[in-house]
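> As they're listed, the protein sequences go chains A and B.
Per the numbering used here: the first sequence = residues 700 to 1033.
Per the numbering used here: the second sequence = residues 700 to 1033.
It should be emphasised that the hints constitute simulated quantities derived from the structure, not laboratory data.
Some hints could be false.
Identical chains share a label here; the pair holds if one copy fits it or two copies do between them.
As the list claims (entries may be wrong) - List time: in silico DMTMM-like cross-link candidates among lysine to aspartate or glutamate, alpha-carbon distance up to 25 Å:
#1 Lys998 x Glu862
#2 Lys839 x Glu729
#3 Lys954 x Glu979
#4 Lys839 x Glu873
There are 2 protein chains.
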Amino acid sequence: MGEVTLGLFGFGNVGRAVARVLLEKGREFEERYGLKFNVVGVADTSALIWDPEGLDLREVLEVKERFGRLSEWRNDYEVYELPPGEAVAEINADLVVDVTNDREAHTWHLRALESGKGVITSNKPPLAFHYAEIIEAAEKRGLPYLFEATVMAGTPIIGLLRETLLGDRVESIEAVLNGTTTYILSRMEEGLGFEEALKEAQKLGIAERDPSGDILGIDAGYKATILHCLAFYPITFDEISRRGIDEITSEDVRKARENGKTLRLVAKVEEGRVSVEPLEVPRSSPLAVSSTQNAAVIKTDLLGELVIRGAGAGLKETASGVVSDIIKAALGIV
Amino acid sequence: MGEVTLGLFGFGNVGRAVARVLLEKGREFEERYGLKFNVVGVADTSALIWDPEGLDLREVLEVKERFGRLSEWRNDYEVYELPPGEAVAEINADLVVDVTNDREAHTWHLRALESGKGVITSNKPPLAFHYAEIIEAAEKRGLPYLFEATVMAGTPIIGLLRETLLGDRVESIEAVLNGTTTYILSRMEEGLGFEEALKEAQKLGIAERDPSGDILGIDAGYKATILHCLAFYPITFDEISRRGIDEITSEDVRKARENGKTLRLVAKVEEGRVSVEPLEVPRSSPLAVSSTQNAAVIKTDLLGELVIRGAGAGLKETASGVVSDIIKAALGIV
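Construct the complete structure from the given sequences, taking the supplied hints into account.
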C-alpha cells in the first residue's frame, strides 16, 4: 500500500466535492490501486489547517459547513494564516491540489514544483497565461503537473490529447466548452430575452453573480487556450480572438432557428489560431449540446473525426477530473 | 534521442499501414517525443525478415507489395521461417507488435513477455480468451502490454478506461463496436434484403469473404469482452451472451423505422454481464451511428454519461491506435 500525502488548496464547492470523493471512495482506491491518500493540509481563504499526521476530512468538512470558514477551527490541529505561496513550500505534501480561483496561482504552482511537489489543478488562469513556464518547470524536475478538470470538468479531453492520441497530429478542435452560455441561448430559443435568461440562470446558480467570465467568452477562451497549448504549442489567452454572447438578440436566435440551426458559443482551435464566438450549428451537429454538457470534435491526420461529449460542469463531475489526476500522479510516485 | 527497437508481426493491410505511419511520421515522432523507432524484424505468414541493425521499411513494403510475400526477399537481410513463438524470443526488439489475426497469439505474447519484451496488439482473441493471464504476466515483469486498437480502432476508448477515468467507477457501457453490421443494417433500411446487403458489403471489402465474425456478433463480442475486463474484472468470450444480425429480416428493420428507431448491433457491458444483440435505438441516440463509425456511452458514478464516437475501422485509423501504443510504451522505456 503506497501512501500519498496531499495539500488541498481551495475549499469552496469543488474543494469540498474533492474531499468528499476522497473520503467516500478511499476504500475503493485502496483496493483498486493500492493507494492511500492522506490529506495533511486544507486551506480556504481564511486559514490553512495542517497536521503532518493527516487530517480527518469528515471533521474538516463539518467545520467548514457549520461555520463557513476554516479559521473557526477550535481543535487540536494547527491553524495558520499562511498565504499559499508559503504554505506550499512548508507543508510536507507529495501533491498540491489547487481548486481555487486564484488568478495568480501560477506563482505558488511554481513554488510547489520548486519544493519538489507535484501539482493538480482545476484552476484555469495559471495555464491560460503561463503554460510554457509551468510545464517546463514540471518537466525539468520530473514532477507531475496535471489539469484534467480545467477543460470539460472530468470529461477526459486533456488526458485524451496529452496521453492517448500520441501517434496523431491534431488538425483542429471545435468545441462547446461553456455550459452557462448554452443554457442562456437555449432559454432564448424558448422565447426569453437575453436579460431574462441571464437572470434565470443566476437564480438557478448556473451563472455567477458577476456573469462576465461566462457571457463574454472568457471562461471558454481560457479553455480553448489550454487546448491549443496541448494540441499545438504554448500561447496565452491574450493571443486569441473572442466574442461573447452579450450582444446576441432574440432576433439572432430566431434566425438560426429558421435556418434549422442553433446558436452555441463555439471555440475553434487550429495551429496558431484560436477563436471563441457564437455560431450557428446544425441541430444534428455534435456541438448542438444542451444544458451543462460540453462537446468537442477533434480532427486528426490518422483518425479523422473524433467526438467526445460529457459533463462540462458540476461538482462531482469536476471532482472526477481532479481525483483522476490525483490517482494518476500518485501511481507515478509510489 | 531514445531509440526503441520493434518487431512487427503481421504484414497484411494493417501491418503495412503501421509501417507506413512509422516511415512517414518518423521525423515528427523524433521531434515531438525524442523517439526513434528502429524496426528490426518484420514477419508475414511466409517469413520473418530480420536485421539487428534495422530494416529499411521502404524496401520491405516494396517487396511485399510487388511479390505479395516476404519469403520472396532476395536481399542482404536474413530471411527465416521461424514461427512467431520462436521469433519473439530470438529477435532483439524492445517491443513486439502483433497485427496478425492469429487466434493462438497469446502463446507468443506470453513468450515475448517472458523474454523481457513489451507487447502492442490489435489482435483481439488473446485478450478475449486470456486477459487475466496475459495482464498478470505483463504486470509481474513491469512490461507494457497495450491494446488500444483492439476496440474502436484508434478511437481511444481503451486509454480512456485504463488511464484517464481513474477516479470513476464505471456503471455500464453501451456501444456499437462493429461497422460491418451497421453498414448492412443501414442498407436494409434503404430497402435491400439481408443477403443483398451482405453481398454488397463483401463486394466493397467492408465484409470479409467469410463474414461470420461480423454477422454473428463475434467481433463485437470480443470487443465487449475486452471492455468488461478493463472496466470490471477479467472474463472470457465464452461467458457472454450473443446474438448476431443473421436472423434480422426486412420486416424487423421496417418495424424499427416505424417506431422512429434504427436497428444496430449493440454491446451492453455491466459488471458480470455482457451482451451483444441487435436492438432498436432512437435516431437521436449517440448509438445511431452510420458507416464504420463506432460509438460508446459510458456511465460512471461521478461523471454521469460520457460519449465517445469515432472511427471503428480503417487502416490509418487502426494504425493510429497501434502507433499511439508504440509511442506510449516507448516513452515508458527510454
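> Against this structure, judge whether each hint is valid.
These are the hints, each one checked on the structure:
1. In this assembly of identical chains, Lys998 and Glu862 lie within 25 Å of each other by CA distance both inside one copy and across copies; the values are 16 Å within and 22 Å between.
2. Taking identical chains as interchangeable, the C-alpha atoms of Lys839 and Glu729 lie at most 25 Å apart only when they sit on different chains, with a minimum of 19 Å there against 30 Å within one chain.
3. For the identical chains of this complex, Lys954 and Glu979 are intra-copy neighbours only, at 9 Å inside a copy versus 35 Å across copies, given an alpha-carbon limit of 25 Å.
4. Within a single copy, Lys839 and Glu873 get their C-alpha atoms no closer than 32 Å, and across copies no closer than 42 Å, so neither meets the 25 Å cut-off.
Of the hints listed earlier, the one the structure fails to meet is number 4.
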